[in-house]
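The lines below spell out each chain.
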Amino acid sequence: MERFTIKVELVTPAIISTLTLDGLLGAILFDTLQDVDKAHAAIPLRCRDGLYHASVALPVGPIERGKHGFIAGLRATHDLDPDLIKQGKNGQPHRHIGLTRRSDFGNVMNGYQTITAQAIQWHAQGDPEQVLELLQEVEFIGKKRTAGFGQVRGWQLIESELDGIADATGQPLRPVPLPMWQGDANAVRADAAWRPAYWLPQHRAICAVPQGVAL
Amino acid sequence: MSTAAFFMTNFGRHFIQPTGDDWADVGQVLRGSYAMTGKPSLSRMQSGWAIVRPGSATLQLDLAVPVIQKSRLTRFEAFAAELASWDGREPRIFMLFDKAPIAAQSIFVSVDKRLVRICTKSGATTEDWTVRPPVVKGVKP
Chain X
17 MERFTIKVEL
27 VTPAIISTLT
37 LDGLLGAILF
47 DTLQDVDKAH
57 AAIPLRCRDG
67 LYHASVALPV
77 GPIERGKHGF
87 IAGLRATHDL
97 DPDLIKQGKN
107 GQPHRHIGLT
117 RRSDFGNVMN
127 GYQTITAQAI
137 QWHAQGDPEQ
147 VLELLQEVEF
157 IGKKRTAGFG
167 QVRGWQLIES
177 ELDGIADATG
187 QPLRPVPLPM
197 WQGDANAVRA
207 DAAWRPAYWL
217 PQHRAICAVP
227 QGVAL
Chain P
40 MSTAAFFMTN
50 FGRHFIQPTG
60 DDWADVGQVL
70 RGSYAMTGKP
80 SLSRMQSGWA
90 IVRPGSATLQ
100 LDLAVPVIQK
110 SRLTRFEAFA
120 AELASWDGRE
130 PRIFMLFDKA
140 PIAAQSIFVS
150 VDKRLVRICT
160 KSGATTEDWT
170 VRPPVVKGVK
180 P
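Top to bottom, those sequences are chains X and P.
Basically the numbering used here = 1-based index in the first sequence + 16.
Basically the numbering used here = 1-based index in the second sequence + 39.
It cannot be assumed that every hint is accurate.
[Claimed, not checked] Keeping only pairs whose Cα atoms sit at most 30 Å apart, straight-line, the calculated DSS-like set for lysine-lysine is:
{"hint": "1", "chain 1": "P", "residue 1": "109", "chain 2": "X", "residue 2": "102"}
{"hint": "2", "chain 1": "P", "residue 1": "109", "chain 2": "X", "residue 2": "160"}
{"hint": "3", "chain 1": "X", "residue 1": "105", "chain 2": "P", "residue 2": "109"}
{"hint": "4", "chain 1": "X", "residue 1": "159", "chain 2": "X", "residue 2": "83"}
{"hint": "5", "chain 1": "X", "residue 1": "105", "chain 2": "P", "residue 2": "78"}
{"hint": "6", "chain 1": "X", "residue 1": "159", "chain 2": "X", "residue 2": "102"}
{"hint": "7", "chain 1": "X", "residue 1": "23", "chain 2": "X", "residue 2": "160"}
{"hint": "8", "chain 1": "P", "residue 1": "176", "chain 2": "P", "residue 2": "109"}
{"hint": "9", "chain 1": "P", "residue 1": "138", "chain 2": "X", "residue 2": "159"}
Worth flagging that the hints you see were computed from the coordinates, not collected in a lab.
Modelling step: build the complete structure from the supplied sequences, incorporating the hints.
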């Protein structure tokens with residue numbers, strides 16, 4: 017298992033928070049395998065007791081943080097499965113959608129934090145060739161990719177001494193549960209997801225986390 | 040102890056009978072309606088704040104749950120007082136209630152003054168209690 021750094025050059029601002037490399041690879045593999053467990057088992061990175069040796073996304077060079085809002089609206093002319101609408105006591109949707117009543121299903125605004133950086137990198141331990149092969153086809157990363165955020169110019173593989181868990185000063189490079197953490201005892205602690213699927217609250221624990229990373 | 044178990048042990052079990060599925064129970068507690076002190080009406084946790092500690096909890100809303108302490112402090116006063124007296128190691132849950140209930144997955148414990156999570160209907164915000172707040176233009180200190 018080699019130690020390496022994957023660097024991606026960005027063309028557009030990206031909407032990413034922690035985004036660990038194992039999380040990114042797991043999502044890519046899921047697109048092909050369509051099975052969460054199989055996708056996670058196929059991640060070509062060192063994994064010890066469920067903890068992948070893969071850092072969170074680390075911006076390279078100066079970064080600029082911004083905010084971007086999206087408004088999602090329900091368009092009544094689109095097909096919408098009645099099963100998706102909350103049912104009333106008689107088993108019927110509370111409201112019928114019509115062109116005259118679309119305002120009843122008001123718009124929803126969601127805000128996102130953007131990062132503008134020249135590049136983003138991850139430190140990891142595993143099979144660098146397989147990792148690069150999986151990432152080569154990825155053209156966008158992060159959220160709101162279809163809106164043009166997180167466009168990628170290219171991927172680069174670099175040799176590294178870091179194992180994806182801790183940096184040279186003993187600070188965490190990713191969320192690591194306290195019982196498994198062997199670095200700086202004074203590292204920032206937080207309730208954070210430490211293994212994929214990162215959206216599952218059952219996968220959270222009190223972890224040592226990188227300072228300054230928005231969780 | 041998981042976040043959900045901590046929430047149910049120190050707060051949630053006073054509102055509902057736990058089923059054993061802690062995360063489902065957390066959602067049930069946050070969505071539920073409860074009797075108010077001295078009133079026949081029920082109320083959801085749809086305004087005010089709550090702080091959960093090991094072995095105790097404080098709620099601003101005057102629900103008829105005697106085990107939970109009540110406070111008339113504002114959210115700012117309550118959180119500032121709690122953070123000032125907190126050792127920064129024992130877990131705390133800080134919640135801000137609004138019309139829409141807080142989703143179960145938005146409940147986080149805080150275990151470090153450098154990374155305090157405030158749980159809201161829109162997710163959890165992160166604050167560093169060890170640094171001074173940013174200077175806002177137009178606001179006199």
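Results for each hint:
Proposed proximity of residue 109 (chain P) and residue 102 (chain X) is contradicted: the alpha carbons are some 35 Å apart, above 30 Å. Taking the CA atoms of residue 109 (chain P) and residue 160 (chain X), the gap is near 43 Å; set against the 30 Å cutoff, the hint is violated. A hinted pair counts as satisfied when its Cα atoms are at most 30 Å apart, and residue 105 (chain X) with residue 109 (chain P) does not qualify at roughly 37 Å. Taking the CA atoms of residue 159 (chain X) and residue 83 (chain X), the gap is about 13 Å. The hint holds against a cut of 30 Å.
Our distance criterion of 30 Å between C-alpha atoms is met by residue 105 (chain X) and residue 78 (chain P), whose separation comes to about 28 Å. Among the hinted pairs, residue 159 (chain X) with residue 102 (chain X) is consistent with the structure: their alpha-carbon atoms are about 28 Å apart, no more than 30 Å. A distance of roughly 21 Å separates the Cα atoms of residue 23 (chain X) and residue 160 (chain X); the hinted pair therefore holds under the 30 Å criterion. Distance hint between residue 176 (chain P) and residue 109 (chain P) is unfulfilled; the C-alpha atoms sit about 36 Å from each other, more than 30 Å.
Distance check on the hinted pair: residue 138 (chain P) and residue 159 (chain X) sit about 27 Å apart at the alpha-carbon level, within 30 Å; holds.
In the structure shown, a violation is registered for the earlier hints numbered 1, 2, 3, 8, in ascending order.
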